[in-house]
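A.B. asks: Could you build the full structure based on these sequences and the hints that come with them?
Protein chains in written order, with the working numbering: chain A, 1 to 554; chain B, 1 to 555; chain C, 1 to 166; chain D, 1 to 359; chain E, 1 to 122.
Only some residues are given here: those of chain C computed to face chain A with a beta carbon under 8 Å:
hint, residue
1, F29
2, L34
3, L72
4, V100
5, G138
Here are the simulated lysine-lysine pairs, BS3-like style, with alpha carbons at most 27 Å apart:
hint, chain 1, residue 1, chain 2, residue 2
6, B, K147, A, K189
7, B, K51, A, K189
8, C, K21, A, K246
9, C, K38, A, K246
10, B, K251, D, K291
11, B, K114, B, K77
12, B, K135, C, K49
Listing some non-contacts, in silico: residues in chain C with all C-beta distances to chain D over 10 Å:
hint, residue
13, P10
14, A13
15, I19
16, E20
17, D27
18, L53
19, R86
20, E111
21, E122
22, D123
23, K125
24, D147
25, P155
26, A163
27, Y165
In short, the hints are calculated from the structure, not lab data. Ideal placement from N, C-alpha and C gives every residue a C-beta, glycine not left out.
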Amino acid sequence: MKITRSMVLVSSDPLSLQRGSLEIYRRFQEKLESYQLAEEVALSTITDVGNTEASPVVVIYPEAVIYGPVQPENVDRLVSEHLYKGHIVEEMLVPKRHLPSRMAWLQSRKGSLPAQQRILLARVGKIDPENIEDYILHDGYQALAKALSKMTPQQVIEEISKSGLQGRGGAGFPTGRKWSFVASAPGNKRYVICNADESEPGTFKDRVLLESDPHAILEAMIIAGYAIHAQEGYIYIRGEYELSQKRFLKAIEQAHEYGFLGKNILGSNFDFEVHLHSGAGAYVCGEETALIESIEGKRGEPRSRPPYPTTHGLWGQPTLVNNVETLANVPPILLHGAEWYRRFGTPSSPGTKVFTILGNVNATGVIEAPMGITLREVINIYAQGMKNGAAFKLAQTGGSSGSLIPASLQDTPLDFDSPRKAGVSLGSGALLICDDNTCVVDLVKVLLRFFRFESCGKCTPCRIGTQRCYETIRAITEGGGQLSDLDGLLRLAEQMERLSNCGLGQTAAVPIRDMLKHFRTEVEAHIRLGICPTGICRMVPEDETAELIENQMV
Amino acid sequence: MAGLATAFGSGAMTNPMEDVVQHARAMLIIGSNTTEQHPVFGTKIRQAVLKRGVKLVVADPRRIDITEYATLHLRHKPGTDIPLINGLMNIILANGWQDDEFIANRTEGFDELKAVIEEYPPEKVAEITGVPVEKLRQAAEILALNKPMAVMWAMGITQHIVGVRNVMDLANLQMLLGNLGVSGGGVNPLRGQNNVQGACDMGALPDVYPGYQKVNTETAIQKFEAAWGAKMSEHFGMTVTEMIPEIESGKIKALYILGEDPVMSDPNSSHIRHCLEICDFILLQEIFPSETSRYADVLLPGVSFAEKTGTFTNTERRIQMVRQAIPPLGEARQDWRIISELAQRILAFGSRQVNANAPFAQWNYRDTAQIMDEIAALTPSYAGVSHARLEAGEQLHWPVKDANHPGTPILHVGQFTRGKGKFTPIEHIPPQEMPDDDYPMLLNTGRVLYHWHGGEMTRRATGLMQVYGQALVEINPDDAERLGLNGNKRVRVSSRRGSIEAEAWVTERVPPGMVFANFHFPEASANELTIAALDPVSKIPEYKICAVRVEAIRG
Amino acid sequence: MKDQSTKDLPIAAIVEAAIEKHGTNYDAFIPILLEVNKAVGYIPLHALKEIRLRVRAPEDGIFVNEGRLYSLSSFYHMLSTKPRGRHVVIFCESAPCHVVGGRQVWQALKENLGLKAGETSEDGKWSLVTTSCLGTCGVGPVVVVDDEIYGNVTPEQVPEILARYE
Amino acid sequence: MISLKINGIPVEAPEGTTVLRAAEQAGIEIPTLCDHRDLTPYGGCRLCVVDVKGWRFPMASCTLPVAPDMEVTTESPALVESRRTILELILSNYYDAGYEDSLGETQLMRWAKRYGVDPAKVMLKKPRFAVNSDPNPFIWVDMNKCILCTRCIRACAEIQGRFVWSLVERGFDTRVVAGADTDMLDARCESCGACVAYCPTGALNNKMSLSLGLPDKVVTTTCTYCGVGCQLDLNVKDGHVVRVTSNPNAPVNGMHLCVKGRYGYDFIHHAERLTKPLVRQYLLEGTPRPKGRGEWVEVDWDTALDIAARKLAGTRDAYGADSVGVLASAKCLNEENYLMNKFARQVIGTNNIDHCARL
Amino acid sequence: MPLINSPQDLRRVREETLQKRLLQNQASRIQIIVSMDTPAIAAGARETMQAILEFIEEEKLNHILVKKTGNLGFDSWKPIVQVVINSQSPVTYRKVSPTVARRIMEEHVVGGKVVQEHAIHF
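C.D. replies: Written as structure tokens, this is what we have:
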């Protein structure tokens, strides 16, 4: 793996382009070559810097400095002074007052990684997750203490509402609103459920939080319990996450010992208990009602909604179900206030997002960045470019149920609104980045096989639809496709989206739709020409039993 | 239902089944294998437990299916129902859980009851019944504190020499708790056969005319003499359990039997066979040749329920239509026609004085609707019943006092038939025949899900026979081991009266020391073994307890 | 194979211990099954009976039968209703591993073990199964053998990994 | 009561009613396969989807509770298209082995016809399961026709309370099995047939009635077995009872019956039925009664009744009325028992009448 | 009785922990932090940790404090080890196999020289 010593990002939003940023980029390429720095310095672009006066800007790492406005003729000086000699060119820096929040994070340097905005991951990699003292030392349980001693439950909910926090499980529902629904729903008991059944392929942000900072999630659950008048909480951790379970159990135990769980927490009259419930290998249990069914000792078949868990949840009582990442936002919001929180991200999607980066890129793993970052930025800044210099072909966002984002849409900001507008979804924050050696039909086949395997089987469109879609796509990869199949596929996908009981069946259609929307030529090549352009599909019938995943269990 | 009649003035299930399953908060099932004998009601009880969380206490020596749904299973020794019930009442009184207001306003005889109940402290009761004190206390608490509570029983309570006393004691319990005349409560004897209730209502009993009008009362005698135009007998007749043995003494010379099989259904079969054998004349009206038909002189072919129209009255006093679906098979005739024709012929012989002008002297019925009109005219509790109302879809539980009366789903609301409910103190009497050295085990008898009564119909249903094709004798694994059954499944069960050979079903349904047999199969009918000890009042035999010896048959 | 030895395993004690830990309420069913699966390698039918006998409690409104437990066991893929080999090789076949070389690793596993998906070797040593994502995609392709997880697996490493198990 | 509009028609329904039931009460039929008024709503088949104003996608009306001012549309070209897709998908995983059953048109076939889906075109070409896969004598199990509506599972759980059926596996591999994938009777089935009564496809069928053809008459009557008083429908063909079916309006039992009520009817036509009056030879010959009573002789009704009447009257006259005993029957009609009572008391003059109430 | 019964208790415990840590840091001049989450373990972090502990054992370097933490850096870098000497900013190493670990121990921890080819420059 190539490790670059520095990284240069040239802004390429429409305004910057108009002001000649393309030329700046070209000059950088030239100069880096001539200074023989091309091997050590990565060069890329960045969009939507949100600053008209300073654009075009150039960002250079690891110092995380921002120059602007930059003219093509400045490039030589930046290369020779900054990149060659290592001096920051002070007079070319963007003045502080011209740095809006959208840019500010580019300069921040928290943690060991470049330019992350770490709110949720602040302690990750810094503390020993099995040591409650480490957690307490790093502001742990301060938010809980504040809530219990200085705030009413209503005030807690108000603060969360004001922060604009939206659910990070994928749907983006306003968290404060959900909390107030549950708090006001009639019922004998109320429950907090932390959804840690993180099963979207490629998503492991929750695992990182649970393994690296379990007390943060526990603290958030306790605060949520206080806010909605619950006395019991469940955390549903998927069975495959053994280490997460182990560490969370330890956290529960320590919290009892220290008095953050149990009766009269921190001297208040609030009691709270948390139970850990292990999943047992079913993707669909990530769906909140399936998860509730699973806790109740049933098959994880999603319920029909309405009614929603906010009124009819666990054991039929009002239940708050929040994703791990959503909850992780709660303590910092309470501790620092909603105003502080809204400084991050975009006005419509405040805060940060934890992304998992995977696929054919140089660096894979988890990062936290403000909402609104673009795919291109992720690939080039964090993932350190495509592996082996291959070209970026597409990214799948949000696990199996996410969209396929073609290269042409890589500048779409990743927040709750923009992808929706562009017809793609942010989902769980997984970014599977594929290079041009990836066959989209093969990829979609794998995804459909996954859905067919993970469908609970309750509703017709999902149970049979995923199988029929899989069969059709498989036939295409085996040279047995027909052009007319594509219309049938699209029609079936549309109906699955319309008719399925839960998100699984609805989103199983998304990759098919995206494939036919963005990569139809490639699909048709399989059918018309009988070849797979990437050479991945063998175009002959494959051994059925080897590929089918009948009765598979871990 | 003499027991209930004593307590309340009339004896029948007080509350409809649906009312019990919808409104009871607790239930006591005692002496009823409900899911096998009244399967549809049994499943409704299961659902009441599943869906409404009803607290169910089952008292039964056997671990019958319904115990799976029981909050508490009291496995008392056979024949100890009275001490069990008295013991529960003792605990209830000791805790002050009784319904004082109900007792004061609607009952009499409480002090006498109390005196006897005090004789049954939990420790003593535990000793007699074999139910631990702790379980007795739990049961009493569940039954007393979840109101309304409904009591259900069947033959497990009545087929004892103390059957009537058992019933009266259950009535005591329910009066003590004030669970009568209320929705979801009541005393609810589950009637075994499809139309037992109706047959009783219709006066097919030796002591009453239709509607339980006593045959020895002046008003009733006058009423029926006027209606039928003939002189009525003024004394009680014999019950079936008396009639057949009285053949031997010569008191009974001839029998007219409609659709019954006493050889299979009556106790001590070999004695029954002997009596029938010597009977002068037996007229049997049946649909199949039966064990009894071997002793008949004339056999008239009647029809099945599918071939006739009329009414049945179910266990909850609901009168419902039976409708003819197919013509009578062959030359078979509808039973009501046969009876009428026979009656007309006998009357034609003229030795009995009948005033042909009496309103209901005639036997020339058009159809059963006309018969029902006659019933209505003579039976106060059926006064408002007619086929027309039933065909119009009306749901009628008797008493239906007139043509506009809507029927009476729940009995004893506000007042008992006899005015005040009567507490009757009941003392324990041990069963007639208990195991001894010669016959060391106890035999309990009853039915199984797949068969019915003497088995005349169900043994002729192919599928039922495939599932349950031969008599099985339930025996506890401990006993099976002691007897050296070792996989060899055939056993011989003998009593002082006879013996049968059958396949053993080794199961924990029965406690050690008990075997359970059914009477569905002639080749191994439990009634070859049972004792003809009768309840002194109801004349019901003690089917549920007799002493037997069990041996493995080496083959 | 594991099923042959289940006769010797104290199923009742395993169930008892699991109940001790998780209770007998409805929310304990799946955890109890997980414990049995872990201890036995799969869920034998008589374990279902043991669970039913111990868990069923009409007094608390808890009803369960073998059918429901079997249904759960077959729904959740970490539970197995069939006996498994001494060592279970689990391969993540989700898209993230697939695009970074998972295909080739899968081929190598099948060839080295001589098994197809879902099969158990005749000597009862190996079972080969697939799973959905294990959440360790950052080090994909991922192979799990029993409780050990291996990341960044290449086809060449497969024989070496398998050789560690007896 | 909640007010809403279905197809523009104002409808009132109690809180908690589903849209499907509210529509039904208003006389609007919404197609469904998995829903049944006796069973907990499931929402699996998705045939009952309706458009609800304000919602982007159609909603399953069988699980959707009515809400104030809701505006529901139950049929539209898009919904028809959706229903067709559902039926095509269902039938693409269905196989009909072509045997004749006595159910008539199943609900599945009814909807297929209504929405113009030809089962023959889309269904599987070969069976996935054995066509008759369970050895029990009453219930025919052909899982090739199972569409996983789970009505059988719910009927067994929510009506019979026996939990015989359950789902195993998941996704496309989901199947309905008895117990832990065993035979029904081993799974503690009580053969009540509720699962058959609720099955909308014929995957569960009445084994005894298979290939007996459609009834020409259906008669509602009361069961002849226990005292519960269930009502049931006798299906009659050519004067034969060929099947017993549930009558949803039965006041005591609704759709429910037990094994005897539903499957214990074949005694009616049993070869041993008595169809001719019989008298003992000695009675015809006027000779003394031999030991064992002698041979039976078939006679006409007149002869039989005449002999019986003479003997009974003779006994009464010779030994007094109380020498005759009359046993009525708890299996017979009220009317017949009344006549037996009248017979004993009026015709004979005795109170020696009883029946087996005690036994 | 739990250890903490009021917000004041929490503040106190935090202070005490802080003091304890300061003392600890003075005692252990050198701290080695190993990333121990699932991908790190999958990539061999257990073996790496083992190698480090063995080295300390062999060389009797009792003043070194070895700690574990959760996710530290990219998965593609794992196993990851951080070396902190005298509370200065840590040096982060990527792809630390047991062999590399021994080299880091020898060259950096003992020898004071950063092993450049495994150090992360960002």
